[in-house]
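Undergrad: Letter by letter, the chains look like this.
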Amino acid sequence: MKRQLNRYLQSDWFGPLLITIAAIALVSWFNPSFLSPFNIQILLLAIAVNAIIAYSQMVIIAIGQMNLSVGAIGGLVAISFSGFMEVWSIPWPVAAFMALSVGLTAGYINGLFVAMTGISAFIITLATLSIYKGLNLGITEATPFYKIPETVKALGNSNFIEPLPWLVLPTIIVTFCLWYLLNRLPVGRFILAVGGNEHAAELSGISVRKTIITAHAISGFLAGLAGIMLVARLQIGQPTIGDDWLILSFAAPVIGGAVLTGGHISVAGTLLGVVIVAIITQVLVLFNVDPFLVQVVLGLLILWAVGLNKLREVRAARSMDELGAGA
Amino acid sequence: MNNVSSTQPPTSDAMRLEDESPPRTGSSRLGPQLTRLLLSNEFGLLALIILFSVIFALATPGFTSSFSLFAMGRTAAVNIIIGFSMMVVIVSGGLNLSVGSIGVCVAMAGGWLMQVAGVPWYLGVVGALVLGAMIGALNGIMIVKTGLHSFIITLATMSIFFGVMIFLTQAGSFRELPPEYVQFGRMKINGVVSPLLIVTLLIGVVLSVFFRLTTSGRRLLAAGANPDAAELSGIRVDRTIILCHALSGVLAGIAGLMLVSRTGAAIPSMAGQLGQDWLLPAFLGPVLGGTLLTGGRASVLGTLLGAFLVTLLTTGLLLLQVGAFWVQTCLGLLLLAAVLIDLSRRTYLARHNLI
Amino acid sequence: MIRKVLLGTCMSLVALAGPVSADSSTKVALVPGGPHPYFTAWEQAGMDAAKDFGLASADYKVPQKWELGAQNQLLESLVTQGYNAFLVFPGDPVGTVGIVDELVGTGAVAMALAGCLRDPSEAVFCMGTDTGNSAYLGTQQLLKSLGGGEGRKIAHFTGFLVDANTKLRIDAVEQAATEAGAEVIQVIADIDAPEPAEEKINAYLAAHADEVDGIITTAWVPAVVAANALRKIGDKRIQMVGIDHDEVLLQAVKDGFVHGTMLQNPYGQGYIGSFAANKLREGCTVKADAPFKSNALTDKFIDSGTVFAGIDDVDDYVTSMQSITKTLFESFESTYLDC
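Chains as they are written, first to last, in the working numbering: chain S, 2 to 328; chain U, 95 to 449; chain P, 4 to 342.
No lab work stands behind these hints, which were simulated from the structure alone. Computed from a predicted structure; not experimentally measured. Be aware that a few hints might be false.
Partial list, computed: chain P residues near chain S (C-beta under 10 Å) [claimed, not checked]:
(1) Pro-38
(2) Asp-174
(3) Glu-177
(4) Ala-206
(5) Val-251
Just the calculated beta-carbon pair ranges, DEER-fashion [unchecked claim]:
(6) U:Ala-151 to P:Lys-54: 28 to 38 Å
(7) S:Ser-205 to U:Ala-141: 34 to 44 Å
(8) S:Ser-12 to U:Gln-415: 49 to 59 Å
(9) P:Pro-123 to S:Ile-22: 50 to 60 Å
(10) S:Val-95 to P:Glu-285: 54 to 64 Å
Yeah, the Cβ is synthetic: ideal placement off N, Cα and C, and Gly gets one too.
So here's chain S without its partners, still in its complex pose (with noise of 0.2 Å):
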């Protein structure tokens, strides 16, 4: 029983949840309306599409590098799925298989030039950064798309059961595919192995360009599902969709216990560090914080989080330790 309790105290999921579970004891307890049905509705929203955000860098943080091209490949395939269904007038279910497609491509460019030049992800993609901005800035000098389909709009605005929003179900199916490729497939344990030790795993017989260029692609993937996401919930094909992602992308997976170096990611913590970052961003305008202070309050309830999880992992390892000298 002790060792069960043990076991969960150590996963990193454990954490967030604790910190989650208090966060929103203590927000409904100041402010009832926290739990209506509509503020659910508008928290699950932002949860759905910042956690597929969050899932594509943390894959990138899995085989130990960052992917800081994840916003522009965002905005890239946010205004290629308005802008095919704007201007050549194709129906949205393709358009947005192809915008997806869009996303891949890029996801998967990065992952060529990574495996295939040895060059660091982090000089890669911010290279690419600017080429994917760009490029959504040469298409739509700045100017959004504007005509979006009904269905679509109503796709990002509508329930499929009430308070459910229809764009939580691709996160929960995103959420599940990526815990049982990591945690189930040999290309989720291939990706794991090389984000722990690139040199180890290509020892053991890994090929660790594929695991690569495979990881990026997914990432690309995962940034453009983000993207057209966002243009149904806008409503809008903005060509500034995923200028605001970089930060938000890295705080999730770090306060869900990633470790920066690779190799150790956690899907539920994950999902929990966005679920975090949600109701801080609803708590700062639900109590009216002063314009001027809301950074700072921001910037200190996020050392908050991270800081309890860090102290209950210290705790964990150290009853663990106990224990261990025990038996």
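Once you have looked at the hints, place chains U and P on chain S.
TA: Okay, now just chains U and P, sitting in the frame of chain S:
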């Protein structure tokens, strides 16, 4: 300390602790000194800078005009310092996302000291830089005390520092600065060189000396390369981390104060929302210059050349008048081309048994 | 469609301007703060002005990013390329003063367009929208739609706090509300990007929709997002006044979800600005007693027109802008310039 220096033969082109000199299995037709030079990042960057300079000079009429050279030097001066400020933290194996935020805080403090408190400009600069060191050290202390990754600490403090600055200034600016201070940013030496560039070069020399010749500098490198080994050999790794963050704060502050002198005012928006505008130049310089993201290796010259290359490419592209909205794409493509050319240079040298 | 109408106007404007002068050496650069749909009309305005007044060129040059550094670098490169007249939207009201002074130092003509520089600066004048006043007028319109301000509660959504204009807007909205006896119960700032805007505005409405009577938005993205949010909750009780001419916002005005929007006149700014720059290059000077207006930033302000467009006039806002442009243009030379 002896421990470290004994494992560390004095190296020439860059300051590093783990000797990663290329394997010399093949018969080398060139001397080891020259080989090392040809293989170094710094040489590659210099070659690229010359290559692109020639291209731009031939393709655009105005590129070599004195105003263009002056403007380019001045922009590069600030970008290089921003790159240094990130470099000194990368050396320790960490990151500092709050460089822009610290830079703006220091700039605003400098503006306040000069305009409201009315101190002479040099005291204002010193006072503001002390603040920069303190803010940076605060980052370092938090990282050491909590054991959290510098990425997440500086992500949070980026927001906090910036927020405090915005709250205190209410987004107001300081523009009644001493004329000699503002003049400094507009002065042209011989019509071409900005004094800011000279300041930058001096700081580059100081940093080189610091990493190469001083005990603190070498300890910093050792701690970045392998913290555990450094700790065993008696280096207080905690202290070095706090030191490098304080140094980063000072450098970010210098960049901020240089921008104040160039803009003629201390304004909260000079590094964008949360100081994010600085992140790209902060990383581009060191990373192109061959500073390893894992720590333990710093190349002052490389960072300088890397930051300069980026400024050069941007200026060149603007002058080439590629359609306004396509500049970013071209910049990305050129960056990619630059790193690929650099890579093929090495492969070429390796293939032809020159190493 | 709009473009056609605009072309039509310039034709009539040319007729007013009289015979086209000989080719001048004026190279005008219209430089916004960064990529943004607001400035798109400047491109057409520049092309029309170049044609109508025989300028060497009047080009729309966009900084690659919305960064002060990027704008400065672009301006420097434009000097190198031989541009000698600069119509600049200040990336920062104070921060851009330095580079504008340097531009003037190279012998070029420089003016602040769409937004102003804080005095003193070397810019000949500022032609654009008085950001504070526009927010003030918008708030008054909002309170009017609520049947008077007494006891009303309004929320204000706006852009980045680092932009000094944002503080002006916050203060102006506060002032208009206080004067009418209303209360600004919440200000949400820093929502210039669509994602955080969506998240925060919706969160606000979810928690406080029944406590608020009106919404004023003073930045492009928050206006679009708030319009969509009101449409989504289908609440026509909450009145809203937006800013600028995004299609989503205009449609929401037509459909009655948004009371109206504060429109600005980017085409007129670009067109008349290019005209004035050329005149100044050709030796005209700004009249010593030119009837400039004053605003929070400068005493050399020319209002390029701010109009409120409600449900009745949103369809022909282009026409109303044209008439403003025409009126301003007809008397511009005699009012402001000594030639």
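Undergrad: Evaluate each hint against the coordinates.
TA: We went through each hint and held it up to the structure:
| no. | hint | result |
| --- | --- | --- |
| 1 | Pro-38 | holds (4 Å) |
| 2 | Asp-174 | violated (13 Å) |
| 3 | Glu-177 | violated (12 Å) |
| 4 | Ala-206 | holds (5 Å) |
| 5 | Val-251 | holds (6 Å) |
| 6 | U:Ala-151 to P:Lys-54: 28 to 38 Å | holds (34 Å) |
| 7 | S:Ser-205 to U:Ala-141: 34 to 44 Å | holds (39 Å) |
| 8 | S:Ser-12 to U:Gln-415: 49 to 59 Å | holds (57 Å) |
| 9 | P:Pro-123 to S:Ile-22: 50 to 60 Å | holds (57 Å) |
| 10 | S:Val-95 to P:Glu-285: 54 to 64 Å | holds (56 Å) |
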